[in-house]
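Q: This is what each chain is made of:
2 protein chains.
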Amino acid sequence: MKDEKGILFILSGPSGVGKGTVRKALFDQDPDLAYSISVTTRPSREGEKDGVDYFFKAKEDVLKMIEQGELIEYAEYVGNYYGTPKAYVEQTLEEGRDVFLEIEVQGAMQVKENFPEGVFIFLFPPSLEELKNRIINRGTETEDLVRNRLLEAKKEIDMMDAYDYVVVNDDIENAVSRIESIVISEHCKRERIASQYKKAIGSVEL
Amino acid sequence: MKDEKGILFILSGPSGVGKGTVRKALFDQDPDLAYSISVTTRPSREGEKDGVDYFFKAKEDVLKMIEQGELIEYAEYVGNYYGTPKAYVEQTLEEGRDVFLEIEVQGAMQVKENFPEGVFIFLFPPSLEELKNRIINRGTETEDLVRNRLLEAKKEIDMMDAYDYVVVNDDIENAVSRIESIVISEHCKRERIASQYKKAIGSVEL
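Protein chains in written order, with numbering that gives the first Met the number 0: chain A, 0 to 205; chain B, 0 to 205.
In short, the hints are calculated from the structure, not lab data.
Among the hints, erroneous ones may be present.
Identical chains share a label here; the pair holds if one copy fits it or two copies do between them.
Claimed, not checked - 30 Å max Cα-Cα, derived DSSO-like pairs, lysine-lysine:
hint, residue 1, residue 2
1, K4, K111
2, K131, K111
3, K58, K197
4, K58, K153
5, K188, K85
6, K131, K4
For reference, chain A alone in the conformation it holds in the complex (with noise of 0.2 Å):
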């Protein structure tokens, strides 16, 4: 049935959970899902193609599509801002084509405003205490930087109810198979393709 619509798909969770790695492994494995293209007012780095790796902006458009409500999130940083395009995001899913958003937690609560319809996955770590290893031997951070990350990573996780799934990151081939099992089994909920399989049976004569 080929008059089915594109799904925005949200990839979140705490910070050290690994979404980076997650995601690449995903469309290395899927070439047929979107990644969603960032406006940024960053200068472009060399090798960076305007449109393929990022829609590069002046500060003042920025500033301008967040007042008119065009991004479905964006944040600043480092004194440049990052935000997702909404008309991007309509028109990839208008073509039929998924579109995959791999983002922080309190992005993904500015997408889950803005674009509800969207499937919101919550990587979710192995185990906290691995979560908490990994803090500590990231580096030198003091006893109380571990503990404010953790506290903040407890924070994140609390958002989960946010959330449409979840998915442990164990081993990043069962993460991104547990993924796509999401994928495929969020194309066949019914809501979504009920009206197009009764306009076909409709059209069959008896």
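With chain A's structure known, arrange chain B on it following the hints.
A: Chain B only, in chain A's frame:
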């Protein structure tokens, strides 16, 4: 996480769609699934074992089970009763195993009423034209009979609205793989597992 309960999956769809074939192929690939064992009042045949093929019961016992709401669905067929015992389903789910029920649309509607927490999967014919051809080619049915059976199939397809998922049986392997994705993805649903994960977090010392 080991506290997780199993899930009851109900596979249904119009007659002629290939439910039995898909179910068998699914069980060949996933030996962890428990097939729901029915009670029946018909006498056991050679080689059939009580508690394996069926729970063989006297008619009065089954009528009593129906009266006391101990069957999540039942039907009478050529003078014998067949039904799905709630106790067996619930006990298997408690053990953490998924239960799979392959059933006619009418029976599925009864399950929906008595066990709404089940996951309902509707198997859809690759095309209505093909379902029509299959019914016509089945034998020497008159034009009127074919028309009636098609009207019946259309009515059954209208019940699609009560289902969670629609899977097209375009190819057995594809259909089985979609159903397996649904099984995996349902186990990742946040509302099923979030509380266990939160418990796991709570136990980590900062």
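Q: All hints are to be evaluated individually against the structure, with a verdict given for each.
A: Evaluation of the provided hints:
| no. | hint | result |
| --- | --- | --- |
| 1 | K4 with K111 | both (19 Å within a copy, 29 Å between copies) |
| 2 | K131 with K111 | within (28 Å within a copy, 44 Å between copies) |
| 3 | K58 with K197 | neither (48 Å within a copy, 41 Å between copies) |
| 4 | K58 with K153 | neither (34 Å within a copy, 57 Å between copies) |
| 5 | K188 with K85 | both (24 Å within a copy, 26 Å between copies) |
| 6 | K131 with K4 | between (41 Å within a copy, 28 Å between copies) |
Hint check: violations occur at hints 3 and 4; the rest are consistent with the structure.
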